[in-house]
Amino acid sequence: MAITEENPGYKWVGTRPIRPDGLEKVTGKAQFGADLMLPGMLFGKVVRSPHAHARIISIDTTAAEAMVGVKAVITGSDFPDLAANGAHPSEIDVANNTIAREKVLYEGHVVAAVAATTREQAEAAAKAVEVTYEILPHVLTVDEAMADDAPLLHEGMITKGVDPAPEEASNVASKILHERGDLDQGFGEADVVVEREFTTKPVHQGYIEPHAAVADANSDGRAHIWCSSQGHFQMRAYSASVLGISPGMLKVTAAEIGGGFGGKTVIYLEPLAVRLSQRAGRPVKLVMDRDEVFRATGPTSGTRIKVKMGVAKDGKITAAEVWMAYEAGAYAGSPVGAAGMTAIACYDIPNFVVEGYDVVCNKPRVAAYRAPGAPMAAFAVESVLDELARDIGMDPIDIRLANAAVEGTQASYGPKFPRIGFVETLEAIKDHPNYTADLGPNQGRGIAAGFWFNAGMMSSATVHINENGTATVVTGSPDIGGSRQSMALMAAEELGIPYESIKAVVADTETVGFNDVTGGSRVTLATGAAVVDACRLIIEDLRARAAKTWDVELDQVEWVDGQAQHVEGAQPPLSMKDLAAKSGRTGGPISANASLNSRGVGAGFSTQLCDVEVDPETGVTRVVRYLTAQDAGRAISPDYVEGQMQGGVVQGIGWALSEEYIHDSDGVMENPGFLDYRIPVASDLPMIDCAIVEVPNPAHPYGVRGVGEVGIVPPMAAVGNAINDALDVRMTDLPMSPVKVLEALNEQRD
Amino acid sequence: MAQVHFSAGLRDLTGGLAQVEVEATTVRRLVVALEEMFPGIGEHLNEASSVAIDGEIFTDADYEPVSNSSEVHFLDIFQGG
Amino acid sequence: MARTHVTTVVNGDETEFLTDDSTSLLNALRDEVGLTGAKEGCGTGDCGACSVMVDDKVTCACLVFAPEVDGSTILTVEGLADSGELHPLQQCFLEGAALQCGICTPGFLISAKALLDKNPDPTETEIRYALAGNLCRCTGYDKIIRAVQEAAREMRDQ
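Residue numbers (the working numbering), protein chains in the order written: chain A, 1 to 750; chain B, 1 to 81; chain C, 1 to 158.
Bound conformation, chain A alone (with noise of 0.2 Å):
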């Protein structure tokens, strides 16, 4: 483990204990969102569109409705016409994505639900819903969507960020453009320049838990519901929105959610389930088939990205040019933005432009995955600075060192760096053993960096002292990678008791303040300080008991090691149990909240080192040697910081090497389950080595910066960068499948 700056003598933050929900998890109590089963609950089921693109003539459901054991069938008409009502945008095409009211934009797309009191009669229920389609003419890529005659998904999409402003509608969402420079003198100024094309495909966050809720509603208009999210207060929102109610009038309570990688930010069956319970009377689940998970929930875009950039003979870039445009499937909002912010950001160049293009498609709605935009970008950056280096004969460490974005680097996305650590993960991958470790026959040796912003936004937490001086840790953000353990780890340190005398929970909606969602890498840093912020209001409390009980004034009394200590020693300590059992005498219970828009976020960066063997004779690129470094800034809790990084690789080398999303000429998925959209599994990978490097951010109380994201950035250029250094072939499409490097060598051989 690479560590730049010396732990300040922490006693628990950097520790590797046992999570707090650890047991449950290795015992199978834990309850995740399909676990939970209420006296006289019915089982849903949803009806999802055959067709890419078609309007909706007609809906029966009076077959459907008459069937045994059917207690609830809803359409789009069960819900308020959010449109009519004036409502923004997005929260439009929240509601037509959760349940489509006059067309559907993907096959998928929901059209109608059903509440049984079997699965089977619901399935059956289902299927006896009658749905009478206009087949429309659908585009499936942004090709086809970007072609001068495509058939409009959205009649009025005028795309935005365009001066003059379009007179045409088109499935151009929106354009964005960064430039700095010019261009033409930056271009000739290199001596060399190398200009390649990049395609992706549309992947998926493959979370293993499929998406499940169940909703119990009153008939005052309350509901509760239960559901695996990353974020229970943003399910309330959303739900309550498309709903066409107060927030007020709905309780989430977060399961246990088995992986969300973004995808799970959004709803999907919420609120069907609440009006399915309504109209029934009884509870209602809804759970998705792993087929209607590849269908109809998040991948992230398709891409197609251009990239010319030059280097002067010493290694410094001169001038980029990117151009990408990304899928956003049947809504305005592919990441692309984040692409065009994250492109060469981990770089300082004096000349770039980099414009990017918003684009709708009839494919499912692309949600936040794991550094949302970034990876497909980095992986045409990267393998472009990857042959940049070879042209000019530079180690591809050098080449990154020489262009490093460092503390005052102006970003290419506009404010200067504070102090990041980019630089050090550089120096990571260099001082490993594994950089100079001899490579076998037809193995080839990969580097490639990446960025991430990470995330702050709002969080609540409250913090009890119970009666014998433990403590309970209570926040709002569901708890995806092992975040209890690092909220409880910080808890521990503020206060100075011990890790096991503390339990981290996740509240429900109504027990703790707001949390955004937890995504964006953000938990541990802005979560944590929340309940930073709250122990710290603990510790005062406190030591005014205590000042109180010796009769002294406050400057008296230091909180230190977990008790109370008057300064000169006139006093005996006075530990937490000591002052949780007189509570009742100095005060009242001992508890404090703490609520906070978090200030502070710190940059995260990740290089990667990947050896691959590549089989010449059937195209099969096996990873071998894998390392990882990144910037944690501070980490709280080693053993998930390193899961998280180690997570984020295997994505990424799935991403690289065999997922993508295959659809037929009418727009019908054709691989829609684990056999066919194949994700790593244990026998094709190699262990995945770490080096955690720490560059404190100065804004955060313990350093932290978020690790969640960034390390899935690196690893498709990496990858494709070894292929080429193994066999001299230059992979430009995703998946860099057995076929297509088949493909490449036969072409090398010609």
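Since the hints were derived computationally from the structure, they do not count as laboratory data.
Wrong hints could be hidden among the right ones.
Only some residues are given here: those of chain A computed to face chain C with a beta carbon under 8 Å [to be verified]: (1) G259; (2) G482; (3) G673; (4) L675; (5) S683; (6) L685.
Where is the CB? At the ideal position from N, CA and C, for every residue including glycine.
Starting from the known structure of chain A, arrange chains B and C on it as the hints suggest.
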């Protein structure tokens, strides 16, 4: 005067200007001043932008202080995963 | 519709339930027996989240009809610990941080137990292939493999 920078995507609202100097003490007052200079930009900045003040990025920064030496960048909002 | 009466031993206890012939063992365990430790990740035998042992053989509970297990002995994750004492695999998964979200964990524990029952000293490659039918999207498998190696060591030393 705070230095305010606009990304290329915002420049159709600023008549092509990449940078202006504005006297303001908070982001909200800065946006009000910018709206006077470039009518229509205020709504866009409020809805579709986050803001970086001296390198630190904020999503909701209305009352964040801005000083005469501040460097302010308006950025497109992005989503995390 | 007539339902079928099934008699099994689940986690050491004789267990009876009624089921439709078309109901999967997974849904019967979850809905009828009330054991929700085995999860449905795909319903097609591709992810292994529903892995249970049926008569000492690792089985995707989503691929078996419930009436097929009449007379069988079934082990689910809920039966791994012995009177509250964790199985070494459970303990090593905890200590080695071999889970993040935890949805795949029950299936991995069952598959790993089946491996170690047959092969107490597996190589890393043998572990990777034995667990290749269990998908994990969070961990990248690194810490899972290490936890199984550690549990194997501890069980050999016992």
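Interface hint for G259 of chain A, Cβ within 8 Å of any Cβ on chain C
With a minimum Cβ separation of about 5 Å from chain C (threshold 8 Å), the hint on G259 of chain A holds.
Evaluation of the interface hint that places L685 of chain A against chain C, nearest CB under 8 Å
6 Å, holds
Does G673 of chain A pass the interface hint, meaning its C-beta sits closer than 8 Å to a C-beta of chain C?
Holds. Min distance 5 Å.
Would you settle whether the hint for L675 of chain A is holds or violated, based on the nearest Cβ-Cβ distance to chain C being less than 8 Å?
With a closest approach of 5 Å, the L675 of chain A hint holds.
Double-check G482 of chain A for me: the hint is only fine if its C-beta lies closer than 8 Å to a C-beta in chain C.
This interface hint holds because 6 Å falls under the 8 Å limit.
So, as I understand it, the hint says S683 of chain A touches chain C; can you test that by seeing if any CB pair is closer than 8 Å?
4 Å, holds
In summary, the structure agrees with every hint in the numbered list given earlier.
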